[in-house]
Structures are given as structure tokens and as C-alpha cells.
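Visitor: Given next are the chains, with one letter for each unit.
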Amino acid sequence: MKPGSIAIVGAAETTRLGVIPDMSQIQLHADCALNAMRDAGLKPSDIDGLACAGESPTNIAHYLGIVPTWVDGTAVGGCSFMLHVRHATAAISAGLCKTVLITHGESGRSRIGALPRSILPASLQGQFEAPFGIFGPPTMFTIPVLRYLKTYGVTQESLAMVAVVQREWAAKNPRAMMKDPITVTDVLNSKMIAYPFRLFMCCLVTDGGGALILTSADRAKDFPQKPVYILGTGESVEGPMISQMADFTSSRAFRVAGKSAFDSSGIRHADVDHLMIYDAFAHLPLYGLEDLGFVGRGEAAAFVAERNTAPGGKLPMNTNGGGLSYTHTGMYGMFALQESVRQVRGSAPAQVKDVEVAVCHGVGGMFAASGTIVMADRRP
Amino acid sequence: MSERALPAITPETRHFWEGTRAGELRLQKCVACKHVYFPPRPFCPQCASSDVNVFRASGRATLLSYVIHHRPVPGFVPPYSIAVVELEEGPRMMTNIVETDQTPDALQLDMPLEVVFQPMNEEISLPLFRPSAPAAKSPGRAK
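In order, the protein sequences belong to chains R and W. Numbering-wise, this note's numbering puts 503 at position 89 of the first sequence, and it's gapless, one number per residue. Numbering-wise, this note's numbering puts 919 at position 93 of the second sequence, and it's gapless, one number per residue.
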């Protein structure tokens, strides 16, 4: 894909976010898909490419009445949608389809029509991790952190600062689930989940969804919304077991995906006006800032504590409040992408001034997968 | 009663679980490139050679990182540690640190550990780790 040759022309979340016990998972996909089509002025019959995770593209195509010539069911966890964007740019460039719909819907909190969560006992994770009492992301994603803190002399107070700053952004966002200001002391006094992780360092669990529509930039000006151009993309995976992550202080998948996105877009770090880094837990933005090269190794905690990513800072990050305070259905990456689109369009609740280039970085599984998307308000 | 999740052995991992049942921690080593690796597979993940050997590891390790889980999980009494240890031979594995307090003070990163095997049923014994006995650290015993 040539930088700027594909654009996002439709973007929307589910009408409601948070607790939605009256909608099943597939209806959450449909609700945001219909909202995104309305945003783009399209009908299901205008869509010829479909990508989704959590539900099979077969289910979503049938439910929405779409006849696709291209589908992508890549499901590598919460960053699947970054990979869908990347794959869609390639598919449109190759002429496999013209207009791609990407959907996410998840009944993460109410568990209506949701898939069961289980680890197969014969899988490598089932044999070599599950017997030791792992039970959901708070017991896995968190394991590398004590090593990171010791390696770089970072304190638990610094980890707590990530949650504090993101709550400041959430306070500006009426749709955020958690808006009340919190202090470092509040975070460190919140309920212990898995030492050193306290409740406020862990993401929310919510219901909701989001959808995007992409097409070639040549057609983008025919749509009602301001186009958001894709400058560059990256993706990678490392492995399914947190115990086998090569370096507990840095994610290989982050580094590979991030470098690919920066290289393919041609941007430099100084060009970035707005940043989203998937924050299922408070340490992820620290790893992301370092592995994407915004700061040096071990420097991210001080960078956040010095308010560089806070409102008024030079690198506004996670401006919707993030998975920690805005919403987190389970596969949050779609909501990071939605906020990047809003910021580039100029329609975000906590709008950053003059966002020309935005970077959106996602994680899937427990540092298992990663996707990075660079967006811009104009073609290069 | 809810019980601890247990592995379902596969052909490629049988030697490992037969080893823990026999009181041995078994790893694999590539004959071609000397890479020692875990989890088990019948080829080297570094050079793809199928010429690999199974050998008995020392059972000595250090504590790489961990969490202390405070929420209920079938088969566990919280708080309990979920740890990743670095084996003397190089590979890392998930385990629980046992025979010591489940507290940050008792669980210091880089502390020396040794394997113990906990029988769960006739087929499965799990490799757990405990702080090394002081004797194991004495100069006379160290290699």
C-alpha cells in the first residue's frame, strides 16, 4: 500500500457502552456496523469486504446481509482490528474488494451470547501454564512487571501514575465509564488483584463494540465525513505463553509491528501529534512508549510522571481514558482505533488541537500479538 | 469440588510428564546447534534440526518474575504465587513457588530455587519450585 492511498470513511461505536444486558454479542457487532454505515452513508449492499474477530465473518455477513468478495477472520486478541485494517489496505490495493467493513462486538461484562473462555488442557498453555493457577489476564499479562520494575528501578507509584493520568482524560469524556479523579494513593489503596497489580491498574470489563469502513482514498472525498488516511501499518506475533516471552522488559511483537508501521508510513516520532497505546493494564503504555521508540528503554515511567502524555502534554496519549477508564470489552483495540479516528477528524470529546498524524498501537493476548496503525488527516 | 487444571499429555510432551512422575525435570537439547529449549517439541526451535536429545536438568533455577494472586481459583488457596523461573540450563517455565511465605518479602527476584515434584494423580506430577536449601549454595557443592 502506498502511504495515504486507503482511507477510513466510516467509524462508529455501539450506541451504548458499558452494561448492555439487552444485546447479544452478534447484535453488538450489528449495532456498531449499522452506525458506521450510517456515518459513511452506506448500506450493507455497498460493502464487499468484511473483517471481524470474536464472531466469524460468516456469522456477521449473514446477520447483516452482506455479500463479500473478501473476508478476514484474523483473531489474535484485542489488536485483531489493527491487523484487519492492515489486511484491508492490502486487499483494497490489490483489487480484491472496494469497501471493507471491520466490526467488533463483545458482551464482555453481561456475557450474552458470548463464547466460553477456556484453555485446552492439551495445548502448550494448557499443559505448561494452566496447572499453576493462571485465571484470566490479571494473572498472566502482569507476570513480567516485577522484572521490568527491578530492571529499571521503577516504582509501583509510577505504575499507578499511568492510571491517574488516564483518569484525567476520562473526566473529559462523557461516555467514559469511570470519570471521578483518582490519586496515586487511591490506586495503591484499591483492592489487591495480583500483586503488584491493584484494581485501578487493571482494565474495566464492559459490553460494547465498534466498526470501521475503509475504501480507496480516491473515493474518500465522496463520503460525508472527513477522510482519515492510512499512512502505514505493522503487525507481528510472538507466542501464546507469557512464560515464554523472550524479554520480560520489552515486547518483540511491539517492536516489530511498530517499526513496520513507522517505516512504511515514512513518519518520524516528532511528527506524531496523538498516540493510543492499548492499556489492558497500567504497564502496557510503558512498554509501548519504549518499544515504539518514543522514549528510551526504562524511561517511560518518568515520561508519564512528568505529564508528557497528560492533558496539555506534548504527546497526548489514550485520550478517551483508555481501557483503564473508558471501556474495555475484552478486545479493546477497536476502541483505540475509534479514538484515533475521532482525534484526526477533530470530533473527539477531549479533542487535541491540530492532530495531523496519529499512531494507534494494539496488543493481543498476553504480549502475544501486536498491530500498529499510522493515520493522518491528509495524503502525503 | 473444583480442582486444579491439569495437563492432557500429547505425544510430543510425554517424555516431560513421564520425567516429572519419575522425579526428573527433563529438557531437550539440539545436537546440531546445542540449543536447550522448553516447552517440548521434536525439533529445535532455533535451527529446525530434528536431531535432538532429552536430558535430565539440574532442577536448579532462579526467580525471574511473579505475581501473587489474591482471587479464588479452583484448586488454589489465595494468596498464591504464579511465577516464571529461569532454569540453570537457560529455558524458562511457569510454576508456583512453594514451602515459603507467599509475600513480596519472601519472594525476591533472582533468589535461588530448586524443583520439587507434586503428584496430582497416577499420571501427572507437577514441577514446583522452593527456595534452595542452604547446603546447595555452599562452595563445596557448587559446580
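Some clues are possibly wrong.
[Claimed, not checked] If you want a taste of the chain R side facing chain W, the calculated C-beta under 10 Å gives, among others:
#1 Q541
#2 P552
#3 M554
#4 I557
#5 V598
#6 T599
#7 L602
#8 M606
#9 Y609
#10 F611
#11 M659
#12 G760
#13 A764
[What the hints assert, rightly or not] Examples of chain R residues lying across from chain W (beta carbon under 7 Å, computed):
#14 P458
#15 Y477
#16 A536
#17 E543
#18 A544
#19 P545
Treat the hints as calculated values from the structure; they're not laboratory data. Backbone N, C-alpha and C fix where the C-beta goes; we use that ideal spot for every residue, glycine too.
Visitor: Could you run down the list of hints and mark each one as holding or not?
Guide: These are the hints, each one checked on the structure:
no., hint, verdict
1, Q541, "holds (4 Å)"
2, P552, "holds (8 Å)"
3, M554, "holds (8 Å)"
4, I557, "holds (6 Å)"
5, V598, "violated (18 Å)"
6, T599, "violated (19 Å)"
7, L602, "violated (14 Å)"
8, M606, "holds (5 Å)"
9, Y609, "holds (4 Å)"
10, F611, "holds (7 Å)"
11, M659, "holds (9 Å)"
12, G760, "violated (41 Å)"
13, A764, "violated (32 Å)"
14, P458, "violated (42 Å)"
15, Y477, "violated (34 Å)"
16, A536, "holds (4 Å)"
17, E543, "holds (5 Å)"
18, A544, "holds (4 Å)"
19, P545, "holds (5 Å)"
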